[in-house]
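Here are the chains, one letter per residue:
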Amino acid sequence: MPILSFILKRVIQAGFVLVAVTLFVSFAIRLTGDPAVMMLRESANVTPEDLARIREGLGLNRPFLVQYGDFIGGLLTGELGNSFFRGAIAPLISGALGATLLLALTSLAVSLLISVPLGIYAATHRGSFGDQLVRVLSLAGLSFPNFWLGIMLVLIFSVTLRWLPPSGFIGPQSLIMPAVTIGVILTSTNLRIVRTTMLDVLSSQFIMVARAKGLSQTAVIYKHALRNSSIALVTYLGLQFGSLMGGLVVVELVFNWPGMGTLAIEAIAQRDYPILQTVISILAVLIVAVNLLVDLTYMLLDPRIRLE
Amino acid sequence: MTDLKSRLLIAALAATTALTAAPALAEGTLTVAQRQDPANWDPVDTFLVAWGSVASNIYDGLVRRDENLDLQPGLAESWEVLDEGMRIRFQLREGVQFHNGEPFNAEAVKYTFDRLLGEVGGAGPQQSNYTTIDRVEVVDATTVDFHMAQPDPVILTKLSGYGAMIVPPQYIEENGQEHFDMNPVGTGPFKFVSYEQGARIELKANADYFEGAPELDGLVFRFIREDATRLAELQSGGVDLVSDVAFSAVPTIEAADNAGIVAVAGPSIYSLALRTKDAVTEDVRVRRALNMAIDKQALIDAFLAGRGSPIASLQGELSFGHDPELEGYPFDPQQAMALLEEAGVAPGTEMTIDYRAGNSTFNEVAQALTGFFAAVGLNVGLNPIEDGVFLNEIVPQGRTNEMYQFSWGGWTFDFDNTAYLTYHEGEKWNPYGTSDEMNALLDEQRQSPDQKLREEILQKVAQLAHEEAYHIPLYNEETVYAVADRVEGFVPAPDKRLRLTDVSVAE
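Sequence order for the protein chains is A and B.
For the first sequence, the residue numbers in this note's numbering are 17 to 324.
For the second sequence, the residue numbers in this note's numbering are 54 to 560.
Rough simulated footprint, nothing fancy, chain B against chain A, three-plus residues with beta-carbon under 8 Å:
#, segment
1, 51-58
2, 62-68
3, 169-179
4, 272-280
Just so you know, these hints were derived from the structure itself, not from any lab.
We put the beta carbon where it would ideally sit given N, CA and C, even for glycine.
Using the sequences plus the hints, can you model the full thing?
In structure tokens:
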């Protein structure tokens, strides 16, 4: 059962990562500011007793490890408790997580739909005008900051043409601009990976053998070359996931997307420890899970990894 | 808007409707976009202006402030200050109901303040504003007495404040605190319909409102954090009214063909506080010189689109305690250099401004300030700091550099609110101390029920602070709204509360 023991090992590793991340975040955020002070920041006549009373009300006068234990216990049992400022956490998180994942997966789909065919085209037509054009476009895509691209799309499609809603989530049409914004940025790098690895694979010996056997161009490219070059792409996507989540924060802000990034920013500004700890822990779990998934995908793509 | 203009506008709108596919706004419903979602609708749990702009439509207090900041009857028809300020008797309005049908009466008032001053209020930010109230006594169904722990000259104004909004006892007891946080019920002109965290809250007109039903059928507030996105929504017809408009966007909106700017004097003032201990700014001559180095009007014209006024003390003209006679230091670089030389400050001396990084307008102002200081020979650097760190670690701990941002929006429009906080010993915005004379003045006006005397003392406080140059008072900002042309009758109040009873939208 090599796969099972492999998964088990990774799950244990993930547990350690989670403990380290949550411990660090919970500890660090408590050093940067006091929610009681933030709560009373616009009030005059604040006495030390007022601050103490609020800290007590929020349970912040308990030892750090007790607070941390409560938080981890809640995380494990699904009892996420209450935010300092905004009521129960569980519905907040489930809404935001759904919105963020929807956006992330749609962006990824947009990017793969563009980058894989274009990458293959560029690799099989190396040096042609089309190849040059693809490379220039991908460089241009890389050079756009995502918030700028987002604002430009809003100006064109919402303000001028009035085709799409500029912000919020009122239906599938709301997904288009944010997904394209992130998708374009992802496409630029994915395109380069697909093109480069395809070129690499296409010049290797087994492709020559396949061609020598008389396989059609389509079979060579889609059956043999693509499968082999996708290992690099999958690795890259896995690594990219973390930064994708980071990029989402900015794009969510531009489009007022009700996701995890928006939730986290608000929580940081207010020093809302419970929300922030939960958001970061869940993102950490996600990133670890995606990397595990990437490792498992390798096994499907490359039988040699399965045997080792 | 003139009749002719609005008729032309309607004609133009009718002509273009067929051609454009603007997102349709519901008839009779006004949609507002604001930066922040207060995320909790309980009056005792909030201090946010974002709460006030929405919830002023849901709740009423015993008294209410109008657009001129004058006190008007709210749920109380009249009141009487008795026993030298130690007791206030309110006569309540009869026949008023909460949105859930529950009657409003003296018990509801007592319940509201017992809750505010008790355990529930203790975990929130509002209680500290009302600690001068000892208890509320029910005299009969429509009469209550507020017994004070000490006289509080500002208490009537405070009773129009967020924490003093009257809440429905039965509703809260039956449904619980958490339900009330998310499903507010009051007596106000609009009833709560639905709330989606981080996105929107929807209200509908309360046809039985005691001052008559509002003009609008419904009211929607959308929460959009990004400045540019709020404006894009306005320009694309997704919202009718935008608050928290950045000054840099004012020219864009003025040039837009479907919207305009409405501005009103606001409570917010901006200044640089000066470190009066263990720094070169310890010397009052240096502090005066720094004051003379700044051309305030130039800052207002360049960065506030002209929407502000220079100030000589930490208050605007609407503030109680404002002294029109008090003149700020003149913009006089020559005199400033002479003073610096006299104080032994060599040209090229380094100083730093600490400021809150989140405000894009003040970021620009701070950069310009370094230019003004450079012109009198000082080498001033900038140190932007995240809000939480600034408010927790830097200011109250006395860890600032020579100059640090002080901005404040005292919603009471009473100088006591700002002055006590910045000049009285032991207060968080006064980490370096002022003087015994200052402390005595501030204490004296707090004890006095005589408003005339209080005003004189507060003016003296401002005068003293001016002489000592504890701050460089910069400007009083106007509050700027971007308003779609179809909106009629929008008159904003200076305290940033949006009470939209008289507003309507053209069909």
